[in-house]
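Enquirer: Below are the chains, spelled out letter by letter.
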Amino acid sequence: MNYKHNIAGVVAGLVLSGSVLANPYEEYKGTTLVVNFPAHPHYDAVRKVLPEFTKETGIIVEVDQLQYLKMREKQTLEMTKSKGDYDLLAYVVFSKADYVYADQLENLARYFMNPKLANPAYDPADLIDGYVANIGVAGGKKGYMDGPTGSLFGLPFGAETSILGYRKDIFEKHNLKVPETYDELLELACKIPELEPGMGGLASRAASGHQASHAFLLHLAPLGGRIFDDEWNPIVNNEAGVAAAEALKTIVNCGPEGSKTFNFAEAGASFLQGNTAMFLDSTVFAGSVNNPDKSTIVGKVGWAPHPMGTRKGSQTGGFGIGIPKNAQNKEAAFLLMQWLTSKEADKMIALAGGNPSRYSTHADADVNAKFPHMAVFGEALKDADPDWRPIIPVWGKINADLGTELSRVLTEDLDIKEALDGVAQRATAIMEEAGYYTWK
Amino acid sequence: MSTQAKRLTPYLFMAPAAVVLVVALLYPIAYMIYASFLDWNPSQRIGEATFVGLRNYSNLWSDANFRESLSVTLKFAALVVSIEMILGVGLAMLLDRKIRGMTVLRTIFILPMMIAPIVVGLIWRYMYHPTVGIFNRTLNNLGFESVPWLSDSFWSLTSVIIADVWQWTPFIFILSLAALQSLPSSAIEASRIDGATGWQQIIYIKLPLMMPVLIVTLLLRLIDAFKVLEVILVMTNGGPGLSTEILSLRIARTASEFRELGVAAAMSNYLLILLMLLTAIMFTYNRLAEARNARLRQAAEEG
Chain X
1042 MNYKHNIAGV VAGLVLSGSV LANPYEEYKG TTLVVNFPAH PHYDAVRKVL PEFTKETGII
1102 VEVDQLQYLK MREKQTLEMT KSKGDYDLLA YVVFSKADYV YADQLENLAR YFMNPKLANP
1162 AYDPADLIDG YVANIGVAGG KKGYMDGPTG SLFGLPFGAE TSILGYRKDI FEKHNLKVPE
1222 TYDELLELAC KIPELEPGMG GLASRAASGH QASHAFLLHL APLGGRIFDD EWNPIVNNEA
1282 GVAAAEALKT IVNCGPEGSK TFNFAEAGAS FLQGNTAMFL DSTVFAGSVN NPDKSTIVGK
1342 VGWAPHPMGT RKGSQTGGFG IGIPKNAQNK EAAFLLMQWL TSKEADKMIA LAGGNPSRYS
1402 THADADVNAK FPHMAVFGEA LKDADPDWRP IIPVWGKINA DLGTELSRVL TEDLDIKEAL
1462 DGVAQRATAI MEEAGYYTWK
Chain E
7 MSTQAKRLTP YLFMAPAAVV LVVALLYPIA YMIYASFLDW NPSQRIGEAT FVGLRNYSNL
67 WSDANFRESL SVTLKFAALV VSIEMILGVG LAMLLDRKIR GMTVLRTIFI LPMMIAPIVV
127 GLIWRYMYHP TVGIFNRTLN NLGFESVPWL SDSFWSLTSV IIADVWQWTP FIFILSLAAL
187 QSLPSSAIEA SRIDGATGWQ QIIYIKLPLM MPVLIVTLLL RLIDAFKVLE VILVMTNGGP
247 GLSTEILSLR IARTASEFRE LGVAAAMSNY LLILLMLLTA IMFTYNRLAE ARNARLRQAA
307 EEG
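Sequences listed follow chains X and E, in order.
Just so we're aligned, residue 1042 is where the first sequence starts under the numbering used here, counting upward by one.
Just so we're aligned, residue 7 is where the second sequence starts under the numbering used here, counting upward by one.
I should point out that these hints are in silico values taken from the structure, not numbers from a laboratory.
Calculated pairs, SDA-like style, for lysine to any residue (alpha carbon to alpha carbon, straight line, at most 25 Å):
| # | chain 1 | residue 1 | chain 2 | residue 2 |
| --- | --- | --- | --- | --- |
| 1 | X | K1115 | E | K233 |
| 2 | E | K233 | E | S64 |
| 3 | X | K1111 | E | A261 |
| 4 | X | K1115 | X | V1075 |
| 5 | X | K1115 | E | I124 |
| 6 | E | K104 | E | G201 |
| 7 | X | K1290 | E | D158 |
| 8 | X | K1232 | E | T137 |
| 9 | X | K1335 | E | R131 |
Generate coordinates for the entire structure from the input sequences, incorporating the hints supplied.
Expert: And the structure:
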């Protein structure tokens, strides 16, 4: 033991002295990188780990942390300058389309090809495929997906998927089975309020706009639907679309009181306050469940994969990191990016409360000892659907329209088919104007 | 030469102010007007945007969501400003007397105005909360049904109006009170000697004399009501459906969510035109009313 310890000390000493063993970071020692991160539990964890990077490499990192909805505005401003202040930035997944299309993100190929920069031990196959396809790659299938023509512009970092949280105590009390399919889920969602008066079945977001649309999309992919077919024709109003909207309506109607206007935080709070028996949304939420400051249900929550409809398809989203075209320290930024998403750092960040990007971290024994839900998340991630929502520049507009109409379905009893037909019709016009039917 | 120099002197002194005016005021407006003719997304510099002429304006007219948003704005502004004017002026009339501790009272009255809009939005959002909000809890305790404050299109607009009235009535109150207290006491005394009742005093003496101040107050409030953003953003974010999506919220969403800066600029210009029209109408009305009064006074003096 002692012997081993000594060896490690000697090796570390050699690495630090830098003269005997090669140090790939040597050239960049003393560089200061400015990075833009969102205020988000994952990035809070990252900040705890960052000093390790500086200690190991001598590269200093300054973090500009912003509210995540404010980031895009600031980043757009920075990236249209001739010399940007950010060397590395975290982007929300739907910014990928805009940034890549505006040629504002570095293609990562030339960095991974550079033998002085790329670490052979990086193991990219260990990165979660759904995340990489959804957040990192553009130029493949449909333009925004992976595929033979795609290339890598970013790496998933602080990504998340959907997961089902349920109250173990309530399920045990009434001898309920954890739902594996949508039929079971919907039946249970409405059965729970009968079994436990005053308690909602499933807490879902439903507020007008992005929130309602997000909740609908969560059900659309597993129920076999898509927003567009392969030729960009809106098919949101087909059978699967109607089924997804009906599922959302059932869930909201059997949900806790007031759920028609819940946003993500309110839906989460309803679950944390013990007013609802199930929660189906982002994995980022898992961190608060066992935090006694926020939660009254510490230790009572079990996790299961997103139930399946006609197929398995949990969401993929969250953040990725990329290097702006106008960054001033691109190579050092790449080194940071590679370090942050490496196996070692991914584990450190996970232990500090972040969302890991690698399969190995989800399966890691230490991580699971601290966060027992990680193994379930890792299993669920194998079915993560990178194409559960389109990532195209006009999506913002269609998304808002979809969310408004769904809110009307939920609060004003608008007919589902009629609402979705309207969305499809307006989406066609938007897509036409944006040039998606040029080849028709 | 010297006479010419003399003639130029005033312009010379005005020049700095004129330059400041052009740079600080007209340039941004001109920029916005120019932007409204562009197909411009925030990832582009303004020079890279395509010129599309009046397309943004004409597209907006056929956009049902924009029209709905416009009608919500008009409804909201009209209701809010009318209710606030009636309450504000009424309160001023009631409190226009020597009451002990009036300064304290006045400060308390104008408190809502001083709270940051985001906070106002949050406070009301929680008060309207379906289960833990004070309104529904009180209603339930009294044996009534819960009201869907923010989850029904009729109620959410009502809720937003209530919050705005709460916040901005004090503004009208404080200005009306100032106007009332600066009225010439001679006119009021004369009317009292002539045997006018309290109501008659209010209708024939006080209100007409306060009119110029009230018009300006109304105008300020109206302009503000067309531009409320934060309170509604926090309370309902425009929902449910589009029932509380007023124009300024739609403009903000168009710029940030839909990334169409040109369209957002065109919408702002529509709003600007609308406000300028309203201002012009109100000033014309005021001037006509004054002219009529002047004529009547002259006729009375001659007769």
